[in-house]
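Undergrad: Next come the chains, spelled out residue by residue.
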Amino acid sequence: MTHVQHLKPFLKKTPFHEPMEAMMHGAGWIRWQGYYSPAYFDSTQSEYMAARNGATVYDVSPLIKYAIRGKDAAKFANYLVTRDLTKVAPMNVAYTAWCDDDGRMIEEGTLFRLGPNDFLLNAALHQLHWLNESAYGFSVEIEEISEQLAGLSLQGPNSRVILEVLGVQGIGKLPHFGIMETTVDGHWLRIDRAGFTGDLGYEVWVKPQDAIWLWETLFRIGDPYKIAPMGGHALEMTRVEAGFILVDVDYIGAHHAIRPTQRVSPIEAGIGWAVALKKDAYFVGKRALQKEKAEGSSRFILSGIEIEGRKPAPGAFLYADEKGTKELGLTTSAMWSPLLKKNIAFAQIPIAYTKPGTEMWIEIWYPKEKKIERSMVKCWARNRMFFDPPRKKEVV
Amino acid sequence: MGTKYDAIVIGGGHNGLVTAAYLAKGGEKEGKNKLKVLVLERYHKVGGAAMSEEIHPGFTYSTCSYVCSLLRPEIFRFLDLPRHGLQVIPYEINSSPNHEGEGIITYSDHDRTRESLRRHSIKDAEAYDHYAAEISRQCRFIKPLLMVTPPDPTRLNPFAQNKINPWGKRNDLEGLLKIAHEFGRMGEKQMYEIIRFWTMSIGDFLDEYFETPRWKGFAAASSIIGTALGPYSPGTAYVLLHHYMGEVDGQIGAWGFARGGMGSVSKAIASAATEAGVEIRTNAEVAKVIIRGGKAVGVTLANGEEIYARTVVSNADPKRTYLKLIEKSDLDAIDPDIHSYAKNFKIRGSSGKLNIALDGLPQFAGLPKESAWGTIDIGGDFDYIERAYDDYKYGSWSKRPFLDIVIPTTVDPTMAPPGKHFMSVFVQYVPYKLGEQPWTPEMKAAFEKDVLDTIEMNAPGFRDLILHCQTRTPWDIENEVGLTEGNIFQGELTLDQMLFNRPFPGLGQYRGPFDNFYMCGSGTHPGGGVMGAPGANAAREMLKDFKHGVV
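First to last, the sequence lines map onto chains U and Y. Each residue of the first sequence is one higher than the last, beginning at 641 in the numbering used here. Each residue of the second sequence is one higher than the last, beginning at 564 in the numbering used here.
Among the hints, a few may not be true.
[Stated by the list, open to error] Here are the simulated lysine to any residue pairs, SDA-like style, with alpha carbons at most 20 Å apart:
{"#": "1", "chain 1": "U", "residue 1": "K995", "chain 2": "U", "residue 2": "P1030"}
{"#": "2", "chain 1": "U", "residue 1": "K652", "chain 2": "U", "residue 2": "T684"}
{"#": "3", "chain 1": "U", "residue 1": "K951", "chain 2": "Y", "residue 2": "K983"}
{"#": "4", "chain 1": "U", "residue 1": "K982", "chain 2": "Y", "residue 2": "F641"}
{"#": "5", "chain 1": "U", "residue 1": "K715", "chain 2": "U", "residue 2": "S779"}
{"#": "6", "chain 1": "Y", "residue 1": "K983", "chain 2": "U", "residue 2": "R860"}
{"#": "7", "chain 1": "Y", "residue 1": "K932", "chain 2": "U", "residue 2": "M664"}
{"#": "8", "chain 1": "U", "residue 1": "K847", "chain 2": "U", "residue 2": "T654"}
{"#": "9", "chain 1": "Y", "residue 1": "K983", "chain 2": "U", "residue 2": "F859"}
No lab work stands behind these hints: they were computed from the structure.
Chain Y on its own, in the form it takes in the complex:
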């Protein structure tokens, strides 16, 4: 049995590529031998859910993820992604149209935002300053937690079995002390606030600041995206933070378009990985992880080919990894709990996507023309969102969904012919299955119609501009991208599945239950969004085990 590779990465999504690149660059400074890394990707190109594809002639679609902010600057720099072609163009406007009156619009310019909000409520405009400062404080606390392996408090018990993480105990203690230190620095009042914020609903949180129903519905947008919860479900406040903790050039909370679509992110990381010596094989679907004697020793491809390696790391989501790629008998031989952890892992898909080629720029009701530059959220007050959530809860798509729309071609000249536009429509809520029934073409068409009608209502004349429309339900996303149930975060971002409990209790530090087996996808800490942090953190732990220097 020849082990040609030091590591096999299952899945060429952005995190898998980051892990591969970091591994290949590990030990560079210490002058160690380069690790041989192989990335296996099922599709004919890498990227996973950070993908650009020409679906309609002349138009490049960001087929899944569509905006960029969370990608950690440390990774951007370490891999020198600009040299590999990545350019992120920030936008400075967020808005919500209103077909019955004036829409809501916020800007990166604080004064302009306050003036904009004053048109709806002077009280809300004034409260906005306090709200923004509170969010900044919450971001300040979470930022140092992103690019580190989450410490596990159970490791502090000196009598605990510690078979999974041989590096535990000391590192965990140090990690916890660091967090405690950061926590303490926030001051007594803020410490209470942080605990409240991490567990409360976004509805309750916004009610403490604002009065205008539509504004609250708009502000809640980031807390329900990709999440199978409504605005009054506890835990949704954290999801908002997850969307605000990103940055573009040090501006916390800023979002931008990757020039050429989100595939440019994956392409740049893949280019950096290839330059570092990583081998990438596409059209190579992994069917099974080969476990021998409690150790991961390689993988079997769908075509039967077996490839051996010293370590295996899975970029697939936890459910897919532990329920499909690994035999139950192998799991049970190590720890019978893991199979049930995987079965119970919450990974409900709740979002669909429409990618639309447009003949011109639509005009949204109640908004100035410039609003097309940034995100356009079609929604309403909390009742609108709760009603949309109700449809979902009872097994259907939202008849009047919440939509997060961007038109990157307002600034990116590379994605559509001059004067034409690409519109990305993120749809919340859309179930993975309709009740217990699978999606049918008729149902999908009816879903598409409801979404297009909702846009038309908020942008009269929009339908006449449509040149082509690609519609993806969570079911399509699972089958085409490989995310279980089409969940965009590889597992919901609720506190029970976060930090050292992500993905499962005891496996929160990127190591799997078997020796030489690791996880590096968004299903691990700190979670989803095109962040790259899980991939980089996983690589760091692997390099420790390889005794191969630090990156």
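For reference, chain U alone in the conformation it holds in the complex:
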């Protein structure tokens, strides 16, 4: 007798689970914050190619969503995050980091400004404890509303035309990081122009009871536009090409770092541009970040690198010389890009080496014909945004 036979399945199903299950041919479920999430449906390769060539649909319902509302919501949000929200008008998305008092990044994500004092924070990790703690003294209500919305990320060069055919008026005019709300066939939709693939793309949010309608409608009208479902593995490839960082992969969230040195600042994590040191109001971590900037005390910057050859190099050490006497840093995410035909990675390297084109050496251990081989090859600093097509921001 074992305890296993007495346990009940506990993973939750998103509102899209049923139609996803019908397309799930490779037993590719993985977990995402307690929900079933697809890693791949049939083949990662075809899903990745569909994202770069037609359009893909990825279930983003498990994203953790916090509504921040109330008299002081704008003030609080601006205190919470590193971006200057006075410059973000209602119905716009701000990509931002939020830090602890030491200026170490807890997480980064998108913050929707739906109204002057109405925000929606999308997080990969549970943040309510921190949000409540930070909200002390502000007149705000913070509510976890994750299950009140079901969302699909529709990404790829054909995503816009699919929404046009769906009947979304004015989708072509929606700017990058804009938000719109509309009604199609009596169903409420919220659409924001953002995503994790670095391409033209949208996130489409509906009430959970409309989830099946959205899924079936998208696949019906998207068929001639090469729509495909996408799992997390293909998404992972597209986000590395796009240069987007991921918590606990490219940096460790400050709240669950074991040692304080594991924590990184947003500058070190390569999103220094999202830190508005000049904003008037104080924000959590501002003093520490100002100091880091003024002293130049960032230990490294997470940068893009391009590597010679075709061996993917996750967790590989970088050196200043071929002999490997001077160590520079370590890669985090790494992949062979089928689209760019480049061997790319993110690497934590000293600021002096981050200028695009700077040559370094990298030590890669890789499996080849059933054994492990080592190679020491050249690599070069690059803009981390390896893939950045004009259509991403284009308004038609």
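Given the coordinates of chain U, work out where chain Y should sit on it, guided by the hints.
TA: Chain Y in isolation, oriented as in the chain U frame:
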């Protein structure tokens, strides 16, 4: 006589463009002067047989070659072709319909393929693992031979005349030792296997593994494509390997669609070449290579214009180059053998092409809907293919041909309006001439009908979907693309015309019989398929002669 150019490339096919781009980028690292390179193309756009054209409004056809795998990754990266717009989308299904029962279907997923084959034969499904491993071993051996100049064993004779390749001897010895080393690494048993495989017929090879006749016929497909041989002709096993040795992102044997059609390959290479400083002239047909004092000094265009250069490199096939572009007297003055080598060069056209615009996706008999994603081979057992070959042998097209069909618009949204499709139909076997008679419009129509009937039989309702059909016989391919007899490989891929014997004995290292004259087309090692390797290898040899660094 002003020589404005360092090199003139005759023909703007994909290999000519690769040669041009490599030449222009040669010496870049060494800080040498950029070589001035001119590409002369007969047609109004470059690409040769890797061409996309809007033949029917709204539809882009890959008019000749139709899938991509062999294009060497080294070239893809060196020329940064993605930045120049090239995107290859792999497909993961191959299938063969059956109007009398269940079709055959294989997937890139090994487990799924085995399950699929079990429906036909448990024995074959189990043997498939062993077969696939053997093919992988064969690919492993051949891969290092592709991007190198083939070493010539005759150069090892210290007393041999070595006027053609001044770089010979040492390089040849080193090259041979490298191959011997690779060969030895395969182990004794595999060394025997490799020699057997390179010379045997695909029929004999498959008989050693499989029992299901239709499956064997399907597996043999890649070994007869573009080849004027039947499945039991010796040498066909190698042709199979030639179609398996390609890769997409390191997956050996994977094939894909070039987004926007195969013209995207040429367009991207041309863009890389132009960026590197290459000058491309279209509507500029070369009529003759100018030879003076045993040296190539330039070309004469069809309009009489003469253009001079330090070197001339021909992307045209060996027969066209040595029998049409070069005067026999010039050849005979150097080496009287070459004219007869060229005359005897095997370049029989055996394939036709139908390009079809469809109103919707056809449903193939005995196959699931998803099979439309990848190649669909209409054929049958070896008897079906041998009968098709018999028609060809005796001077006609196959009445029931073998067809290699792809519908790239199942994944590529750029080639046809939404919901519509472009279908590429490769037809085997189709002769260059009907007996000794030329093709007539009536004969071409009868040929087209036989092909469409064969498809209709295997995809009921297909005919009603046809919006437009372009039909090309080998004769059309010769006249429109310039490939002699319409042979897609610029010369057959049989062992007598391979390695250092490709195109001719003694000329296997990209240098022609004249000083300053080179070859860079698929008629040179390692042969056809949209590979680019001949072009890159030729450029490397030219750069050596220019003392212009290495690429």
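Undergrad: Could you run down the list of hints and mark each one as holding or not?
TA: Hint check results:
1. U:K995 / U:P1030: violated, 23 Å
2. U:K652 / U:T684: violated, 23 Å
3. U:K951 / Y:K983: violated, 39 Å
4. U:K982 / Y:F641: Holds, at about 10 Å.
5. U:K715 / U:S779: holds, 9 Å
6. Y:K983 / U:R860: holds, 15 Å
7. Y:K932 / U:M664: With Cα atoms ~17 Å apart, K932 (chain Y) and M664 (chain U) stay inside 20 Å; holds.
8. U:K847 / U:T654: Between K847 (chain U) and T654 (chain U) the Cα gap is close to 12 Å, so the pair holds against 20 Å.
9. Y:K983 / U:F859: holds, 17 Å
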